[in-house]
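Colleague: Let the hints inform the model, and build the full structure from the sequences given.
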Amino acid sequence: MMNRRQILILLPAAAIAWKSVLAGTPEMSPNYKLSEHWWSMLIDITKCIGCGNCVRACSQENNVPDGHFRTWVERYHVNDENMTEPVVISPEGGIHGFPATTDTSDKYFFVPKLCNHCADSPCTQVCPVGATFISPDGVVMVDRTYCLGCAYCVQACPYGCRYIHPELEVADKCDLCYHRITQGLTTACCENCPTGARQLADLKDPKDPIHEFLRTHSVQVLKPQMATGAKVFYNELDGSVH
Amino acid sequence: MNGVEGFMYPNEIGLQWSILIVLYPYITGLVAGAFILASLVRIFRVEAVRPTYRLALLTALSFLLVAPLPLQLHLGHPERSPEMYFTPHSTSAMAMFGYVYLWYLMAVLVFEIWLDYRAEIVHFSKTKKGLVGFIYKVMTLGSTNVSHKALELDEKIGWIVTLIGIPSAFILHGYVGFIFGSIKANPWWNSPLMPVVFIFSAMVSGISAVMLLYMATTKLRGLKIDIACVDTIAMYLFYTFIIDFAVESLDLIHRIYEADESFRSLNFMVHTKLYIPHIVIQIMLGTLTPLILLAITQLFKLPEFVRKRIYVIAGSLIMVGVFAMRWNVVIGGQLFSKSFLGYTTYKLALVTKEGLLAAIALCILPFIFLYALQHFLPPWPEKDNTGVPEATH
Amino acid sequence: MSAFKNTGHLLRFAGLFVIAFFIFLIVRHFVVPKSFGEYGHYRGNAIKEDAARPSYYAGHEACEGCHSDVADKKSHGKHAHVNCEACHGPQLAHASADDPSKHKPVLPDTTVLCKQCHAASAAKPKNFPQVGDDHMPGMACKDCHNPHSPAMDQAPAEKTASTSKAPQGGKK
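Protein chains in written order, with our numbering: chain A, 1 to 242; chain B, 1 to 393; chain C, 1 to 172.
A hint or two may mislead.
[Unchecked claim] With a straight-line Cα cutoff of 20 Å, these simulated EDC-like cross-link-like pairs (lysine to aspartate or glutamate) come out: (1) C:K48 / A:D208; (2) B:K224 / B:E5; (3) A:K107 / A:D205; (4) C:K126 / A:D80; (5) C:K78 / C:D143; (6) A:K223 / B:E261; (7) B:K273 / B:E47; (8) B:K353 / A:E167; (9) A:K223 / A:E236; (10) C:K126 / A:E167; (11) C:K78 / C:E64; (12) C:K5 / B:E155; (13) A:K107 / A:D80; (14) C:K115 / A:D208; (15) C:K73 / C:D143; (16) B:K184 / B:D260; (17) A:K33 / C:E38; (18) B:K184 / B:E304; (19) C:K126 / A:D66; (20) A:K223 / B:D260; (21) C:K5 / B:E304; (22) B:K184 / A:D106; (23) A:K33 / C:D134; (24) B:K301 / B:D231; (25) C:K115 / A:D103; (26) A:K33 / A:D208; (27) C:K142 / C:D99; (28) C:K126 / A:E236; (29) C:K104 / C:D134; (30) A:K47 / A:D238; (31) B:K301 / B:E354; (32) B:K219 / B:E155; (33) C:K102 / C:E64; (34) B:K353 / A:E169; (35) A:K204 / A:E36; (36) C:K48 / C:E38; (37) C:K115 / C:D134; (38) C:K126 / A:D103; (39) B:K347 / B:E5.
No wet-lab data here; the hints were simulated from the structure.
Modeller: Written out as C-alpha cells, the structure is:
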C-alpha cells in the first residue's frame, strides 16, 4: 500500500487525480479551475479500426442505458460512382465491433461520434428551463435534477447525440466524462482507444498538442453548415460523412 | 427490425414526440381559430355571425383548458413543469409557452368572457341558491354594479381586450409554429413560413370547429340553424382557407424547387411512409376537396339544405385535414434520419401514457368542459328560462 | 372621481392579477435553487454534482503504479500506447481496494480479445496489423504472442511449416 502511494506521488498530475478518486472526493479536484479549460476532442479517422472499445468503455463508465449511446461508431461504405450516398451501418452503435468485409473495391472507413460540445449549441438554446447548458469549461451537460424531459433538445441536436434516459426520463448525453477530466484523467473512450484515434484536448492549454495538430492537418467538424461551433475535430473527414 | 430502413443515428430510432404532441398544436390551433371567429363579431362588426360569438369564446376556453394536458402527459417529469415559470430560458421558444398560455387564458379569454357575461353572473348570483349561487357570487368578485354605464364600460374594455386578443391568438399559435420552424437541425420543420402556416391552418380549423359546433348544438336544441350566419362563416372560412392553401403551397413549391441536401430524403418519405397521411389525407381529402366544395357554395346559388350539407362535409374534412397536417409535421419530422440516410417507423401504442386511448380522452375532454361551461354560462341569447335582461352589445 | 365610479369590478379583476403576481414572486423566491445563475442560466451546483459521479475505469497511471514490470515491458513493444483497461476492462474497484487481490481482474481470453482489434477487414486502415481466420486456427494468440509486447523476435518452428499467412500490414 505505502509503496503504491509513494510511487503515485511521483506522478504529479496522476497523483492529484488518484488521491481524489481514492478519497471519493465529492467535488472536482481542488486544483481544477473552470475558467482555465475549454474542452474538445480530436478524432483521427485514419486511426479508427472500428473495434468498439470506446463504445463499451463509455457504456460501462457512464451506465449508458441499452439501446442508447453517448458515443457510437459508424462504418461508412462509399462507392466511387455515388459519393454522396454512402451505405452506413452502426450495429448497436458498434459496441460489438463491425462485421468483417473482404470488399477492397470500395472505400470503407469508421467514424466515431459523440456529442460535439458545440460552443453555439442548438440543444442548450432550446431548453426551456436551463436544465442543459454549456459549462464555463466548454462541456455541454444536463442537470438531471432539473430536466423536464420535454425532449426539445433531442430534436434540436443535428447530430443525434441526445436521448431520453428510459429510467430517469430526463435528457442524457456525453458529458466528456466530466467526473474524470476534472480529476486530471482522460475520458473513458480516449483511455480505452487502442490506436489513439480519440484524444481529449484542452483548447485553453497552450501546451496541448491539439494546437500543433490543428495547424498541420486537414481537420473538419461534422455538419459545418449547421454553424454550431462544434468542438469535436475530425482528421481526414470524408465529404460523404453526414 | 425496429422498422428502420437504411441508416438512422442509433439514438434516433425511437420517436421523441408522440401523438400527444400532435394534439397539442391541433388543440391550440382550435383555440386561436375560434377566437378569431369571435373577434369577427367584436372588432370587425360582422353581425351575421353573432349567434356564434359566445359559443366561439366558450369553445376557445374549453380547448385552451385542455391544451397543456398533452404536454404535461408527455413530459418525463411533469412535476417540474413550474420551472418554466420560475426560470424561463430566454433563448427557448418553448419557455414562452407558460407565459403566453397564462396571458391568453387569463388576460384575454377569461377576462373577455367575464366581461361579456357579467350581467348574467350578477343576475344568477342573486337568483341561484346553494353551491351554484355561491360560485356565481365568487365570480362577481363582490361587485354587483351592472348599471348601464358599467356595462357600457365593459363593452369598451371588452373591445380592447379582443383587439389585444387577436395578436395574442396569433402569438399563441404562431409560436407553436416557431417551435418547429426554428429547429435548424430538422429540414422538414426548418422554415420561416412555419408560424404563418400554423396560424392560418389554425384559423381554418377553429372556424370550422365553431361552425360545426354551432350547427350541431342548434340541431340538438331543436332550433333552426341561422343560415345567414352559417353562410357568412363559410365565406370567411373559404377566404381564410385560400390564404392557408397559398402559404402551404408556397412552402411546398419552395422546398421542391430549391431541392437542398435533404430533399431526396424528404421526397422519398412523402412518397412512401407519409403518402397516405400527407398526400391523400392532408392534401387531397383535407385541403383540395373542402376547398373545391366551399368554392362551389360561393360560386353557385345552391338550395339551403345542400349548402348546409356541404358545409358539414367540408368542415369535417378540414378538421381531419388539419389534424393530418399536425401529424405530418410532428411525426413526419421524426421519421427520417438527420443523416438523410434512412427512415424509422412510429409505433402508436394503445394504452400507454402517450397512447391512442390517452389521445382520444384528450380529444373528448374539451367537449365535456364545453358542456359544463354552457350550463354555467349559457351562450344562447334566446334561451328563455333566465329572464336575464338581454346583454347590451 | 366620477370617471372611476363604474370601474370597481374592473379594479377587482386587476387586483387578482396583482395578488397572483406577488404570490408568484414569493413562491419563486423559495423554489428556485440557490446556485441557479451562479455561472449562467442553470444550476451552478449541477457542474459539481456531475464532477462527483463515480468512476469505473482507473486510468493507466493507476495500474502502472503497482504493475511497473508490465508497464515496462509494454512500453518497449507495439502495444505501448494501448492502455491497460482497453483489454482488462474497468479496474477502479481493483485499483482502489485496500486489498486489490479481493477484486482480482478476470484474465481476458486472447482467442476472443485480440480479434476485436486485429480480425482482418477491408474496412480497417491498411497499415493496421490484421489476421484472417486462417492464421493459426485453434491456437490462442498468447500461445505465440505476449499480449503486452506482441511482436515476436523469431518466427516459431511450426509457423514456417504451415501455409497460414502472416499478419497483414503494420511495420516490421
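Colleague: Next pair to validate is K184 of chain B with D260 of chain B; report whether the Cα-Cα distance is within 20 Å.
Modeller: OK: K184 of chain B and D260 of chain B at ~13 Å, within 20 Å.
Colleague: Given the hint that K224 of chain B pairs with E5 of chain B, test it: the Cα-Cα distance must not exceed 20 Å.
Modeller: violated (55 Å)
Colleague: Run the distance test for K184 of chain B versus E304 of chain B: straight-line Cα separation, threshold 20 Å.
Modeller: violated (49 Å)
Colleague: Would the hint linking K353 of chain B and E167 of chain A be met if the CA-CA limit is 20 Å?
Modeller: OK: K353 of chain B and E167 of chain A at ~15 Å, within 20 Å.
Colleague: Compare the distance between the alpha carbons of K126 of chain C and D80 of chain A with 20 Å, and conclude whether the hinted pair is satisfied.
Modeller: holds (18 Å)
Colleague: Do the alpha carbons of K104 of chain C and D134 of chain C lie within 20 Å of each other, as the hint requires?
Modeller: Distance of about 34 Å is beyond 20 Å: violated.
Colleague: Has the given pair, K33 of chain A with D134 of chain C, been kept, meaning a C-alpha gap of at most 20 Å?
Modeller: Roughly 54 Å between the alpha carbons, so the hint for K33 of chain A and D134 of chain C is violated.
Colleague: Below or equal to 20 Å on CA atoms is what counts here, so check K102 of chain C against E64 of chain C.
Modeller: holds (19 Å)
Colleague: When you check the alpha-carbon spacing of K223 of chain A and E261 of chain B, does it fall within 20 Å?
Modeller: holds (12 Å)
Colleague: Given the hinted pair K115 of chain C and D134 of chain C, is their alpha-carbon gap at most 20 Å?
Modeller: Distance ~13 Å between K115 of chain C and D134 of chain C Cα, so the pair holds.
Colleague: Taken at face value, is the distance from the CA of D208 of chain A to the CA of K48 of chain C at most 20 Å?
Modeller: violated (24 Å)
Colleague: Within a Cα-Cα threshold of 20 Å, do K219 of chain B and E155 of chain B meet the stated pairing?
Modeller: violated (30 Å)
Hint violations for this structure: numbers 1, 2, 3, 7, 10, 14, 18, 19, 21, 22, 23, 27, 29, 31, 32, all remaining hints satisfied.
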